[in-house]
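Got chain D; can you put chain E with the ligands on it based on the hints?
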Amino acid sequence: MSETTNIYSSLYQQSIEKYGASDPGFISKLREDALNLLTKNGFPGKKDEQYKYSFLEPYFSNGYNRYLAPKPISFDVNHLFRCDVPALDTQVIILLNGFYFDKANPLKTLAGGIIVGSFKEAVKKHPDLVEKYLGKCANSTDSYVALNTALAHDGIFLYVPKGKLLEKPIQIINVLLSDEDLMVQHRNLFILEENSQAKVIVCDHTLSPVKFLTNSVNEIFVGENACFDYFKVQNEHNESVQVSHSFINQEKASNCRSTTITLHGGVVRNNLTVKLNGEGCENYAYGLFVSDENQKVDNALFIDHAKPNCHSSQLFKAILDDSSSGAFTGKILVERDAQKTLAYQRNSSILMTDNAKMNSKPQLEIYADDVKCSHGATVGQLDEEALFYLRSRGITESEARLMLMYAFAFEILNEIKIEPLKDRMSELIEKRLRGELSRCNNCEMHCS
Amino acid sequence: MLIIKDLKASINNKEILKGINLKVNAGEVHAIMGPNGSGKSTLASVLTGREYVEVTHGKVSYFGEDLLEMIPEDRARKGIFLSFQYPIEIPGVSMVNFMKTALNEHRKFNGLAPLSASDFLKVMRDKKNLVEIDSNLTNRAVNEGFSGGEKKKNEIFQMALLEPKLAILDETDSGLDIDALRIVANGVNKLRTKENATIVITHYQRLLDHIVPDFVHVLMDGRIVKSGTKELAYQLEEKGYDWIKKEVYPELNGNEVL
Ligand SMILES: Nc1ncnc2c1ncn2[C@@H]1O[C@H](COP(=O)(O)OP(=O)(O)OP(=O)(O)O)[C@@H](O)[C@H]1O
Ligand SMILES: [Mg+2]
Chain D
0 MSETTNIYSS
10 LYQQSIEKYG
20 ASDPGFISKL
30 REDALNLLTK
40 NGFPGKKDEQ
50 YKYSFLEPYF
60 SNGYNRYLAP
70 KPISFDVNHL
80 FRCDVPALDT
90 QVIILLNGFY
100 FDKANPLKTL
110 AGGIIVGSFK
120 EAVKKHPDLV
130 EKYLGKCANS
140 TDSYVALNTA
150 LAHDGIFLYV
160 PKGKLLEKPI
170 QIINVLLSDE
180 DLMVQHRNLF
190 ILEENSQAKV
200 IVCDHTLSPV
210 KFLTNSVNEI
220 FVGENACFDY
230 FKVQNEHNES
240 VQVSHSFINQ
250 EKASNCRSTT
260 ITLHGGVVRN
270 NLTVKLNGEG
280 CENYAYGLFV
290 SDENQKVDNA
300 LFIDHAKPNC
310 HSSQLFKAIL
320 DDSSSGAFTG
330 KILVERDAQK
340 TLAYQRNSSI
350 LMTDNAKMNS
360 KPQLEIYADD
370 VKCSHGATVG
380 QLDEEALFYL
390 RSRGITESEA
400 RLMLMYAFAF
410 EILNEIKIEP
420 LKDRMSELIE
430 KRLRGELSRC
440 NNCEMHCS
Chain E
0 MLIIKDLKAS
10 INNKEILKGI
20 NLKVNAGEVH
30 AIMGPNGSGK
40 STLASVLTGR
50 EYVEVTHGKV
60 SYFGEDLLEM
70 IPEDRARKGI
80 FLSFQYPIEI
90 PGVSMVNFMK
100 TALNEHRKFN
110 GLAPLSASDF
120 LKVMRDKKNL
130 VEIDSNLTNR
140 AVNEGFSGGE
150 KKKNEIFQMA
160 LLEPKLAILD
170 ETDSGLDIDA
180 LRIVANGVNK
190 LRTKENATIV
200 ITHYQRLLDH
210 IVPDFVHVLM
220 DGRIVKSGTK
230 ELAYQLEEKG
240 YDWIKKEVYP
250 ELNGNEVL
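Here the protein sequences come in this chain order: D and E.
Just so you know, we're using numbering that gives the first Met the number 0 here: the first sequence kicks off at 0 and counts up by one.
Just so you know, we're using numbering that gives the first Met the number 0 here: the second sequence kicks off at 0 and counts up by one.
FYI, nobody ran anything at the bench for these hints, they're computed from the structure.
Keep in mind that the hints are not guaranteed to be accurate.
The calculated lysine-lysine pairs, modelled on BS3-like cross-linking and capped at a C-alpha distance of 27 Å, are [as the list claims (entries may be wrong)]:
hint : chain 1 : residue 1 : chain 2 : residue 2
1    : D       : K210      : D       : K70
2    : D       : K123      : D       : K70
3    : E       : K245      : E       : K4
4    : E       : K107      : D       : K430
5    : D       : K421      : E       : K99
6    : D       : K46       : D       : K360
7    : E       : K4        : E       : K99
8    : D       : K28       : D       : K17
9    : E       : K99       : D       : K430
Only chain D is shown next, with the shape it has when bound in the complex:
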């Protein structure tokens, strides 16, 4: 066992001693299996194919503090947090350092029997529901996922029963606030039964100048004919490291969109795994990151077309400045049964300097014969012709560059279907490209 895995197996022992008795059996089993997997495989090494561009073990071995229950910390939600997007009518829920914040109402039941709140509380109150889904989607052999399964104690739980519609989008704010370097792991479980609909918006925020390490897992079940829209904006400071995993399982004729915009972060690795597990599904995945200094952003997708007549489309874009680096790996698997598959993937990146680097690797693996698939990757500079056109009308070179970068990003922004969110993101991206801090205007915290 490596030193790094040692840290977590002793943390696991503590977890068993403290919470083992209250964890339901299926959770204990999942945790134990996960820990065994982790100790057996260890963390992905430098040569690991899946994590080729993100060797993260050193971060996981570092001196972060780790907690199994929330550490008391003074945080006045009303005073501090006004990061709501104007005119965006959402239900805001907060995770503070990975734990559900609103202790007074850990789990709410809304109209129509929709349940939303703390994952930990859901395990207690609705163990059957949790058991039916937990770990069914995130069943990979990824060591980071195993680590999360073994040790995550809280997160968000959302359950939308058959035929129900979540009126307002849920806005999850991941607040990281600490006076010491901190590792955070949360587990989110989103369950949409057949014919249901929901929208979830996630914002990450680091509010203190300490080092943060996040390892999160989302499991998303989209039932037959259900419709799910997931939007995430990552906005952490340069000293933060995050590995995030989203697993989406779609049943027949369901529709799912996911968008991840990375405004800021030190080291970011996002994994998106989609399984189209019923006929006639649609899945749209979008990603955009803007990086500078020495930031590293790595997006890895795996889209599994398991059933016929599904449509998937992935568009990921990046603007890299200074010495930042990025990676994109997008694998589309079309299984033997999945006839009439339509799958499109595109990754394009702009390098603003000679020192910025991007590795792009779209991949297609097709076992069905009647399919339409395409993929493509471009890495380049801003279009000189366009730049000249703008300058020839009197626009300064720097402003012209900015306009073109923004235009490049706009293709992703334009896919945000919630108008006020789109406006706000456009504003944040523009500020980011101008090199200004891209925190929300209304937020009183002076992060990053």
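Below, chain E with the ligands alone, put in the same frame as chain D:
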């Protein structure tokens, strides 16, 4: 206004302009005609400051200043405007934002306050009428999906907004239907004053019926080989370029391609 003296320029070490001399005064319209590939657009590129054209010899002065020393955006702000032969599409940049930014850069340069959004829209509406451009076009991204003729009209619309001192129209007539040609030419004529000048690059006499030139120059193989009045354009229309070739290069007997 503009004095070009023995200008030589190369692209990838290949000499394209081989000693151009031209003087343009305020209030004048100059037409430049000449066979394909003779260097007309290259001359426009030099005047607007394209980097891929390397000036190897000669001088260009613009209102007494050394034009070749200026960066493209300064040239534009000092009144040089090129209507591109092939306007480029820029997806994601809206016409409104583009023109508002450009106009306000001009205003800033001239010590004027930026226009408010509503004032800008008003100006835009006026100029749109001038070139009879469809409102839909100005609501879209720059040239994105515009037809060939629409792109050309859009160039003149931009010219109308920026009110240049020296406008260079590079084959603005190509791709325009008969009505559009008249509208565009009328637009250009309405923008003419005693203070500004226009260089019209064209292959066809037709445009010069509408925008009547004071001088017509023939550019051939990187040189202005003949200059005259608008009558010269009629002669070219009728007889092509061969007779000039014979006149200028009698040793070729008009047989060889330059
Ligand atoms: N970017 C470039 N790279 C290489 N050669 C070029 C480039 N631009 C122009 N040339 C060459 O320079 C010469 C002059 O081209 P230019 O576009 O100036 O001709 P033109 O007179 O405008 O022709 P036309 O009437 O067809 O528009 C041509 O031989 C052309 O191939
Ligand atoms: Mg030309």
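The hints, checked one at a time:
no.: 1; hint: K210(D) - K70(D); in the structure: 16 Å, holds
no.: 2; hint: K123(D) - K70(D); in the structure: 21 Å, holds
no.: 3; hint: K245(E) - K4(E); in the structure: 26 Å, holds
no.: 4; hint: K107(E) - K430(D); in the structure: 22 Å, holds
no.: 5; hint: K421(D) - K99(E); in the structure: 22 Å, holds
no.: 6; hint: K46(D) - K360(D); in the structure: 16 Å, holds
no.: 7; hint: K4(E) - K99(E); in the structure: 35 Å, violated
no.: 8; hint: K28(D) - K17(D); in the structure: 16 Å, holds
no.: 9; hint: K99(E) - K430(D); in the structure: 19 Å, holds
In summary, the structure is inconsistent with hint 7 from the numbered list given earlier, while agreeing with all the others.
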